[in-house]
Structures are given as C-alpha cells and as structure tokens.
Amino acid sequence: MIFRAVEDADLIVRVRKGDVEAFNHLVSRWEKRVYNYLLRLTGKTEDSLDLTQDVFLKAWQNIRKLDDTARFGPWLFRIAHNEAYSLFRKRKPDASTDDADYTEREAAPGASPELTLSVNAALNRLNPEQREAVVLKVYQGFKFDEMAEILGCPVSTIKSRLYTALDLMKTELAPVAGRGGR
Amino acid sequence: MTMCEKNETLRDYLFDELPAGERREMELHLNGCAACSVELEQLRVTTSMLKTLPDQEIPQRIGFVSDKIFAPSLFARFVAALPKYAALAVSAAALLVAFNHPAPQVKMVVQTSAGVDVSKQLNEAVSAAVRQAKAEDAVVLKTALDEADLKHQREHRMLAVTLEQSMEVLQKRIGVMTQLASLETPQNGAGQ
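Protein sequences appear in the order of chains A and B.
Read in order, the letters of the first sequence correspond to residues 0 to 181 in numbering that gives the first Met the number 0.
Read in order, the letters of the second sequence correspond to residues 0 to 191 in numbering that gives the first Met the number 0.
Because the hints were derived from the structure by calculation, they are not lab data.
The beta carbon of each residue, even a glycine, is placed where N, CA and C say it ideally should be.
Please note that the accuracy of each hint is not assured.
Part of the chain A face toward chain B, derived, beta carbon under 7 Å [claimed, not checked]:
#1 ASN35
#2 PHE55
#3 LYS169
#4 LEU172
Computed Cβ-Cβ distance ranges for the label pairs, DEER-style [what the hints assert, rightly or not]:
#5 B/GLU24 with A/ARG88: 42 to 52 Å
#6 A/ARG13 with B/GLU7: 36 to 46 Å
#7 A/GLU20 with B/GLU135: 30 to 40 Å
#8 B/HIS28 with A/THR156: 22 to 32 Å
#9 A/ARG13 with B/VAL125: 33 to 43 Å
#10 A/ASP49 with B/LEU149: 33 to 43 Å
#11 A/ARG88 with B/LEU121: 53 to 63 Å
#12 A/THR163 with B/ARG23: 25 to 35 Å
#13 A/THR163 with B/GLU40: 14 to 24 Å
#14 A/ARG63 with B/GLU146: 47 to 57 Å
#15 A/GLU45 with B/LEU149: 43 to 53 Å
#16 A/ASP49 with B/HIS155: 56 to 66 Å
#17 B/LEU121 with A/GLY140: 52 to 62 Å
#18 A/VAL154 with B/ARG23: 20 to 30 Å
All chains, full assembly: derive it from the sequences and hints.
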C-alpha cells in the first residue's frame with residue numbers, strides 16, 4: 000500500500016505537469032474500484048458506468064485542487080460519493096438509494112446461491128448510510144479517517160453506522176452461517 | 000452470553016483500527032474473555048460472508064484523457080505548446096525590431112540575433128512543407144486522373160460489347176425474317 004501511495008503521488012505530480020499518460024495510468028488503476036463502489040451504491044450497471052466516467056472527468060479537471068497527493072484515493076471517492084448523491088437528488092428529492100437492486104450481483108466461485116441471496120437481502124435491508132459504510136469499509140478497505148473524508152462526517156458517526164450495520168447483518172446472516180452457507 | 004464493555008474496541012480491533020498498544024491489550028483481553036472471543040468469531044464470519052460478493056469487471060473501459068471528451072481546453076493546449084512557439088516569438092520580435100528601426104539596426108539584428116537563424120530555418124521549413132504538399136497533391140491528382148481514365152476505358156469497352164451483342168441479335172432477327180419471307184412468297188404464287 001505504501002509503494003502504491005508513492006506511485007500514485009508520483010503519477011499525480013506528472014499529471015499536474017500535463018502528462019496525459021500518467022492520468023491514463025491512474026484511471027486504469029482506480030476505475031474498477033470506483034465502478035464497484037458506485038455499483039454497490041446504485042445497484043445499476045449503466046448508472047455506475049456513467050458516474051465512473053463523470054468521476055474521472057471531474058478528477059482530471061480538478062486534480063490541481065488536491066492538497067495532499069497521498070490522499071488521492073479518498074479524494075477520488077469523495078468525488079464519486081458526491082456524483083452518486085447528485086444523481087439520486089436529480090431522480091428523487093429525498094436523495095435515497097432505496098431503489099437499488101442488489102439481487103442480480105453474482106457470487107464468488109464456490110459460494111452457495113443461498114448465501115448470495117442472503118447477503119444481497121441483508122445488504123438491501125440496511126439504510127443507504129449504513130450500506131455505504133459497509134461498502135467503504137468491508138469492500139473497499141478504507142480507514143475510518145479516510146471514510147470521514149469521503150463522506151464528510153465525523154469518525155464517530157461512521158463507526159456508529161458501520162457497527163449498527165454489522166450487528167444487523169450478523170443477526171440476519173447467523174442462520175445461514177449456522178447451516179454452513181459459508 | 001453477556002456483552003463485554005470492550006464491545007466497540009473489539010470492532011475496532013476487527014477492522015485493524017487500533018494503535019499497536021491497544022491492539023496488544025485487546026489480544027490479552029481476548030485470551031481471558033469468552034464473550035469477546037465468540038463475538039469476534041461471529042463478526043469475522045459475517046464479514047467473510049459479505050466478501051463472497053466479489054468485485055465485478057467493468058463492462059466497458061472508461062474514456063481516457065486521450066479520448067475527445069477529456070481533451071485539454073484550448074487554453075491548456077496553448078500553455079502546453081508555449082515552448083514550441085518560443086523560437087517563433089523570438090523571430091517575430093526580431094522582425095518587429097527590424098521594422099521599427101532604421102537599416103543599421105536591422106543589420107545588427109541580422110548579424111547578432113539567433114532569431115534570424117530561426118527565421119531562416121522557419122522559411123526553409125515552410126518552403127519544404129509547401130513543396131512536399133504540392134508533390135503530394137500532384138500524386139493525388141495523377142492517381143485520380145488515371146483512375147478516371149481507366150474507368151472511362153472500361154465503360155467504353157462495355158458499351159462496345161453491348162452494341163456488338165445487339166447487332167448480332169438484330170442480324171439474327173433479320174435472317175429469320177428473310178427466311179420467313181422467302182417461305183411465304185412461293186405459297187402466295189401457287190395460290191394465285
């Protein structure tokens with residue numbers, strides 16, 4: 000991770016000097032992560048693709064505003080978060096991701112269909128803030144201070160959302176775990 | 000099983016968010032607290048179940064900055080190209096000086112300024128480019144004329160063949176009609 004951060008910082012320095020290839024390199028490094036974050040947020044392939052495109056366009060336009068090059072990841076995901084919520088607001092005044100559909104997500108090879116359905120259902124039952132906290136921590140592996148930067152709220156709030164979500168999911172998935180669905 | 004007071008710290012431990020000192024403390028605590036050990040195991044099972052939904056591949060690549068949509072603005076391109084225009088600017092400045100000052104100073108510029116060399120090189124480069132463009136145009140024109148000529152010849156040949164075939168058909172018809180006429184004439188004579 001340290002080497003990766005150093006390399007990202009180096010690429011950003013080159014991008015700021017107008018090196019287009021360096022930005023291409025950054026895109027190819029981060030596009031899958033950003034796309035999957037947005038896919039787990041919106042539940043829709045087309046929306047996630049469009050949003051990912053917008054995120055990298057905004058990143059290209061604003062990369063000079065990034066204060067700390069070592070924080071490129073959280074900065075990029077902050078853009079992604081804002082883009083997603085901007086879309087939700089356009090479609091629904093109450094900015095909700097409740098209509099997201101996770102039932103079509105594929106499972107890892109070897110995972111049982113029952114487990115896949117149960118995990119999708121459990122994720123669907125979380126509220127949007129809890130779900131996003133789970134996505135950023137469990138699937139994207141961000142630290143709490145990075146999540147605070149992405150979501151623009153205190154670490155205590157993020158911990159509260161995440162741990163409540165985790166307790167709910169633990170209860171929800173316990174029967175499946177008991178049947179050896181893992 | 001009763002919940003331990005270290006419930007939140009346990010979750011921080013699970014996500015590797017504890018400083019080294021507190022982490023060691025938690026490991027010691029876990030050795031003696033059955034409730035926390037069970038809770039930790041359940042949380043680990045839950046997170047590993049969540050991870051059975053893997054990341055998906057992007058259905059199509061994201062547009063890169065080399066694509067049109069990401070193309071730098073006109074101003075950005077101008078700024079990036081500034082060094083290339085520096086020599087041109089020097090020669091332009093030299094020309095400006097030459098126009099604004101009498102002959103001796105022009106002579107001085109010619110003798111001393113590196114911009115004049117640049118100007119000469121520029122003129123030569125422009126002349127070469129014009130020559131090359133003209134040569135390319137001539138080649139394109141010749142190719143187009145040759146193609147048109149070939150096409151015209153092909154069409155001429157096809158027309159000649161068609162005419163020849165039509166003539167043959169016409170001649171055959173005339174032959175048949177002549178035969179029919181010769182057959183009809185004796186019958187008419189016999190009837191009279």
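Verification of the hints:
1. The beta carbon of A/ASN35 is positioned within 7 Å of a beta carbon in chain B (closest approach about 4 Å), and the interface hint is therefore held.
2. Proximity of A/PHE55 to chain B holds as hinted, the smallest CB-CB distance being about 6 Å (cut-off 7 Å).
3. The interface hint given for A/LYS169 holds, since its Cβ lies 4 Å from the closest Cβ of chain B, which is under the 7 Å cut-off.
4. Residue-level restraint check for A/LEU172 holds (minimum Cβ-Cβ distance to chain B is 5 Å; threshold 7 Å).
5. Between B/GLU24 and A/ARG88 the beta carbon distance is about 44 Å. The supplied range of 42 to 52 Å therefore holds.
6. Take A/ARG13 and B/GLU7: their Cβ atoms lie about 42 Å apart, and the range 36 to 46 Å holds.
7. Taken as a hint, the range 30 to 40 Å holds for the pair A/GLU20 and B/GLU135, whose Cβ atoms sit roughly 31 Å apart.
8. A C-beta distance of roughly 26 Å is found between B/HIS28 and A/THR156, which places it inside the suggested range of 22 to 32 Å.
9. For A/ARG13 and B/VAL125, the hinted distance range of 33 to 43 Å is satisfied, since their beta carbons lie about 34 Å from each other.
10. At about 51 Å, the beta-carbon gap between A/ASP49 and B/LEU149 misses the expected band of 33 to 43 Å.
11. Taking the beta carbon of each, A/ARG88 and B/LEU121 are about 55 Å apart, inside 53 to 63 Å as hinted.
12. A C-beta distance of roughly 28 Å is found between A/THR163 and B/ARG23, which places it inside the suggested range of 25 to 35 Å.
13. For A/THR163 and B/GLU40, the hinted distance range of 14 to 24 Å is satisfied, since their beta carbons lie about 20 Å from each other.
14. A hinted range of 47 to 57 Å holds for the C-beta pair A/ARG63 and B/GLU146, which are about 53 Å apart.
15. Distance hint check: the CB atoms of A/GLU45 and B/LEU149 are about 51 Å apart, consistent with the given range 43 to 53 Å.
16. Against the hinted window of 56 to 66 Å, the Cβ-Cβ separation of A/ASP49 and B/HIS155 comes to about 58 Å, which satisfies the hint.
17. Between B/LEU121 and A/GLY140 the beta carbon distance is about 57 Å. The supplied range of 52 to 62 Å therefore holds.
18. Distance hint for A/VAL154 and B/ARG23: a CB-CB separation of about 22 Å, consistent with the stated range 20 to 30 Å.
Consistency with the previously given hints fails for number 10 only.
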